[in-house]
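Asks: Residues per chain, in single letters:
Protein chains: 2
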Amino acid sequence: MSYNKAPSITAETINPKVKIISYEPCGQIARHAERLQQEIEENPGSLPFQEITYCNLGNPQALGQRPITFFREVLSLCDNPTLLDKDETPSLYSTCAIKRARMIMDSLPSKNTGGYTSSRGIKSLRQAVADGISARDGFPSDPDDIFLTDGASAAVNLMMQILIRSSEDAILCPLPEYPIYSASIILHGGTMVMSITNQEEIVEFCRKEGLVILADEVYQDNVYAENKKFNSFKKVARSLDYDENDLSIVSFHSSSMGLYGESGRRGGYMEISGFGTDVKEQIYKVASVTICPNIAGQILTSLVMDPPKLGDESFESFQAEKEKIHSSFWKRAKVCNLHFIRIDVASLDTGTKNTLEKAFQSMEGISCNKIEGALYFFPRLHLPSRAIKTAKAEGVSPDIFYAHRLLDATGIAVVPGSGFQQASGTTHIRCAILPDEEKIEAMIPRLRAFHEAFMKEFRR
Amino acid sequence: MSYNKAPSITAETINPKVKIISYEPCGQIARHAERLQQEIEENPGSLPFQEITYCNLGNPQALGQRPITFFREVLSLCDNPTLLDKDETPSLYSTCAIKRARMIMDSLPSKNTGGYTSSRGIKSLRQAVADGISARDGFPSDPDDIFLTDGASAAVNLMMQILIRSSEDAILCPLPEYPIYSASIILHGGTMVMSITNQEEIVEFCRKEGLVILADEVYQDNVYAENKKFNSFKKVARSLDYDENDLSIVSFHSSSMGLYGESGRRGGYMEISGFGTDVKEQIYKVASVTICPNIAGQILTSLVMDPPKLGDESFESFQAEKEKIHSSFWKRAKVCNLHFIRIDVASLDTGTKNTLEKAFQSMEGISCNKIEGALYFFPRLHLPSRAIKTAKAEGVSPDIFYAHRLLDATGIAVVPGSGFQQASGTTHIRCAILPDEEKIEAMIPRLRAFHEAFMKEFRR
Numbered sequence: 001m002s003y004n005k006a007p008s009i010t011a012e013t014i015n016p017k018v019k020i021i022s023y024e025p026c027g028q029i030a031r032h033a034e035r036l037q038q039e040i041e042e043n044p045g046s047l048p049f050q051e052i053t054y055c056n057l058g059n060p061q062a063l064g065q066r067p068i069t070f071f072r073e074v075l076s077l078c079d080n081p082t083l084l085d086k087d088e089t090p091s092l093y094s095t096c097a098i099k100r101a102r103m104i105m106d107s108l109p110s111k112n113t114g115g116y117t118s119s120r121g122i123k124s125l126r127q128a129v130a131d132g133i134s135a136r137d138g139f140p141s142d143p144d145d146i147f148l149t150d151g152a153s154a155a156v157n158l159m160m161q162i163l164i165r166s167s168e169d170a171i172l173c174p175l176p177e178y179p180i181y182s183a184s185i186i187l188h189g190g191t192m193v194m195s196i197t198n199q200e201e202i203v204e205f206c207r208k209e210g211l212v213i214l215a216d217e218v219y220q221d222n223v224y225a226e227n228k229k230f231n232s233f234k235k236v237a238r239s240l241d242y243d244e245n246d247l248s249i250v251s252f253h254s255s256s257m258g259l260y261g262e263s264g265r266r267g268g269y270m271e272i273s274g275f276g277t278d279v280k281e282q283i284y285k286v287a288s289v290t291i292c293p294n295i296a297g298q299i300l301t302s303l304v305m306d307p308p309k310l311g312d313e314s315f316e317s318f319q320a321e322k323e324k325i326h327s328s329f330w331k332r333a334k335v336c337n338l339h340f341i342r343i344d345v346a347s348l349d350t351g352t353k354n355t356l357e358k359a360f361q362s363m364e365g366i367s368c369n370k371i372e373g374a375l376y377f378f379p380r381l382h383l384p385s386r387a388i389k390t391a392k393a394e395g396v397s398p399d400i401f402y403a404h405r406l407l408d409a410t411g412i413a414v415v416p417g418s419g420f421q422q423a424s425g426t427t428h429i430r431c432a433i434l435p436d437e438e439k440i441e442a443m444i445p446r447l448r449a450f451h452e453a454f455m456k457e458f459r460r
Numbered sequence: 001m002s003y004n005k006a007p008s009i010t011a012e013t014i015n016p017k018v019k020i021i022s023y024e025p026c027g028q029i030a031r032h033a034e035r036l037q038q039e040i041e042e043n044p045g046s047l048p049f050q051e052i053t054y055c056n057l058g059n060p061q062a063l064g065q066r067p068i069t070f071f072r073e074v075l076s077l078c079d080n081p082t083l084l085d086k087d088e089t090p091s092l093y094s095t096c097a098i099k100r101a102r103m104i105m106d107s108l109p110s111k112n113t114g115g116y117t118s119s120r121g122i123k124s125l126r127q128a129v130a131d132g133i134s135a136r137d138g139f140p141s142d143p144d145d146i147f148l149t150d151g152a153s154a155a156v157n158l159m160m161q162i163l164i165r166s167s168e169d170a171i172l173c174p175l176p177e178y179p180i181y182s183a184s185i186i187l188h189g190g191t192m193v194m195s196i197t198n199q200e201e202i203v204e205f206c207r208k209e210g211l212v213i214l215a216d217e218v219y220q221d222n223v224y225a226e227n228k229k230f231n232s233f234k235k236v237a238r239s240l241d242y243d244e245n246d247l248s249i250v251s252f253h254s255s256s257m258g259l260y261g262e263s264g265r266r267g268g269y270m271e272i273s274g275f276g277t278d279v280k281e282q283i284y285k286v287a288s289v290t291i292c293p294n295i296a297g298q299i300l301t302s303l304v305m306d307p308p309k310l311g312d313e314s315f316e317s318f319q320a321e322k323e324k325i326h327s328s329f330w331k332r333a334k335v336c337n338l339h340f341i342r343i344d345v346a347s348l349d350t351g352t353k354n355t356l357e358k359a360f361q362s363m364e365g366i367s368c369n370k371i372e373g374a375l376y377f378f379p380r381l382h383l384p385s386r387a388i389k390t391a392k393a394e395g396v397s398p399d400i401f402y403a404h405r406l407l408d409a410t411g412i413a414v415v416p417g418s419g420f421q422q423a424s425g426t427t428h429i430r431c432a433i434l435p436d437e438e439k440i441e442a443m444i445p446r447l448r449a450f451h452e453a454f455m456k457e458f459r460r
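Protein chains in written order, with the UniProt record's numbering: chain Z, 1 to 460; chain R, 1 to 460.
The hints are simulated quantities; they were obtained by calculation from the structure and are not laboratory data.
Be aware that a few hints might be false.
[Unchecked claim] Here chain R is said to cover these stretches of chain Z; the calculated rule only asks that three of the stretch's residues, wherever they fall, bring their Cβ under 8 Å from a Cβ of chain R:
id: 1; segment: 152-162
id: 2; segment: 206-212
id: 3; segment: 327-340
id: 4; segment: 394-406
id: 5; segment: 433-447
Here the structure is a predicted model, which is why all the values come from computation and not from measurement.
A virtual CB, placed ideally from N, CA and C, is assigned to each residue, including glycine.
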């Protein structure tokens with residue numbers, strides 16, 4: 001007979017920092033959505049909608065975005081390089097992809113993609129990333145300042161591990177934030193403080209105070225506004241004539257976001273400029289505790305930063321695929337702007353304009369900033385006091401209450417704004433603009449109908 | 001003019017825990033080896049050897065081991081699934097791989113491999129892993145207890161993050177250890193204590209004391225001893241009639257080690273049995289801070305645990321490739337055992353025996369346990385006191401001194417035993433048995449010649 005003793009590890013006895021953190025994009029609404037998804041699969045027709053619309057996470061390919069052909073061809077060839085010598089291959093793969101895959105394979109110390117690499121990533125791939133940064137910024141980038149990483153999240157965690165000594169160390173962070181920052185700061189024992197957000201001000205302030213800039217630049221390709229463009233923090237600093245003796249900057253980028261949305265591949269890099277060799281060695285050491293980033297992600301990151309160029313055989317098809325994604329995001333941003341804020345009708349093309357102008361009507365109790373970049377809108381909800389009271393009675397905050405109701409009624413999964421540390425006393429939801437134009441136009445009336453019913457129910 | 005202020009982050013101002021840790025398999029000897037490698041490339045003939053023999057890291061494919069064809073075919077098809085519908089594909093890929101890739105693609109919620117997945121991994125792949133564990137142990141495994149991870153290292157870090165609250169929490173660890181344990185325990189603020197090593201004793205002790213077993217089972221396929229086989233901790237516990245109400249066990253496995261050596265792919269899993277739903281939810285939450293493990297690694301892990309079976313078209317070729325790797329490791333273990341310990345000559349096949357018996361001569365000042373599993377030998381060095389004094393004068397420990405000398409003289413990179421917390425007052429090196437039989441037979445005389453010269457130099 002065994003002597004039963006309950007295991008000693010419970011949610012009460014684990015690391016209390018773990019208990020405190022929250023990561024709402026994959027949090028309670030996301031998990032409730034997964035349960036509903038299972039319900040739909042097991043009992044079709046049992047819910048008032050046929051599918052879950054996952055607008056909680058910036059996860060383009062989960063909502064039907066196609067990967068870039070060139071990227072996937074190169075990955076596929078590097079996985080199975082015996083193809084490079086087969087007669088059938090040129091009929092199945094573009095010349096460009098074959099050439100690039102061969103170049104990558106030749107540059108690997110062991111000529112295969114199964115070995116551990118250097119903890120900061122394969123040198124030739126870091127070189128490709130550095131070249132891409134130099135071309136983007138017009139200022140040089142050194143491959144020895146590049147660390148390839150398993151997505152930007154791993155890089156953020158690594159830097160927090162390096163920088164935070166105790167709760168006396170504070171990280172200034174603009175709010176609303178992306179929750180990896182608060183989670184990582186809490187897990188590493190630091191303190192988060194709200195910061196200023198103007199790029200040049202930040203550079204001046206950090207230079208004067210000797211602070212490190214951690215620049216989350218994963219949406220550098222996602223700009224949907226005329227006359228606006230991405231400027232990296234390093235470029236801003238260099239343009240102000242500050243070099244690496246003046247200022248330490250870490251830039252995070254990833255193959256998950258941007259236009260390509262290769263999220264599940266966990267590719268990314270950080271560029272660390274303005275750090276001494278001693279600190280770089282410590283970063284290298286911490287990176288080596290997990291030995292190296294995954295190779296497919298390393299390759300993908302090099303392709304993102306060094307895609308086919310004018311003159312390359314694949315350039316036109318690559319450019320067309322990229323443009324299609326970009327213009328689709330641009331259109332979706334416009335549709336959402338149109339519905340959630342009272343502007344921008346004039347800038348629509350005539351067809352869309354006519355259709356939508358008729359339908360257009362800004363929603364009661366919603367105000368929203370214009371979407372000019374990234375993948376999300378973040379409308380503020382001005383809810384009736386009875387809704388707020390009901391939420392309180394149910395023991396949840398109003399944004400969680402609203403997001404739950406929205407999901408149960410429509411199958412649309414969003415993230416409660418409190419997951420991003422919305423301003424105290426305000427109520428927001430975050431919704432990714434990932435469904436394609438057609439679907440987003442179908443989704444918004446459902447969202448509107450829910451919202452109107454919700455407002456009506458609680459206004460009484 | 002810019003006002004120059006040195007950046008405030010130096011090795012003195014970073015997290016002191018980072019400064020303390022060491023990770024010697026990628027540490028000073030490894031980095032010195034990389035510098036020598038560069039020297040060889042830039043000035044061929046400038047060193048007394050033509051290549052670096054990397055025996056510092058368990059990294060089989062970096063030393064020429066070929067990947068399993070079936071695994072790479074499946075990965076390649078999942079990267080570029082348009083191939084699945086091409087007429088040429090059946091001539092390029094095995095039917096088995098095509099079938100498996102199609103099954104995996106169909107099981108993905110978004111039917112593609114570019115999206116974020118659940119933070120614990122794709123359900124169908126977790127099911128494959130659980131099925132593999134059930135078949136291996138003869139006890140059931142629940143896919144909801146499986147977390148797919150970016151290699152075993154990521155899983156170890158995750159569990160340390162969950163379990164360690166402060167330096168009052170101790171992790172019992174057998175010594176010599178693999179240094180991710182000490183590094184991860186230090187980074188998470190815990191305390192490491194040396195433990196007992198008998199499997200049944202550990203189970204009984206942990207059950208009585210209510211302790212969690214963290215079982216590093218990444219070498220479960222690497223056993224090179226007659227009449228010995230791998231038994232998982234879970235199997236041992238279940239065989240003693242302890243169920244998940246009695247004991248919490250976490251088992252780590254990886255696609256990096258085992259026989260397949262897909263190290264750079266960062267695939268792995270942990271099976272957590274005997275934890276409540278509340279703890280599992282906290283583990284899920286911490287996993288979600290980096291969103292999800294990389295998809296190629298997830299797929300690979302499912303293939304490792306659910307490879308082609310008897311009756312499958314690819315079974316024989318898969319089995320042959322696997323057997324070839326296994327028997328090669330077995331032979332290498334024998335060669336090393338023969339040279340480093342005075343036993344086992346009888347068990348060699350006649351050819352090898354005749355060649356080696358002539359050469360056989362155990363080395364002065366070296367004693368070594370027999371290699372019966374994993375990828376390494378860990379000889380103890382009994383060095384002359386003058387060598388120890390010289391090391392001290394140079395400010396390094398004798399093992400580091402010896403490993404540096406070995407690398408500079410022969411190009412063989414090993415890891416100083418202090419990187420694994422060798423017993424105090426002893427001197428060891430760790431050497432991976434990765435060069436193939438031919439190369440390892442060529443390497444050992446070089447190692448021997450170096451060792452004899454070293455002993456002679458310091459005995460005088």
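Asks: Evaluate each hint against the coordinates.
Replies: Quick rundown of the hints versus the structure:
no. : hint    : result
1   : 152-162 : holds (count 5)
2   : 206-212 : holds (count 5)
3   : 327-340 : violated (count 0)
4   : 394-406 : violated (count 0)
5   : 433-447 : violated (count 0)
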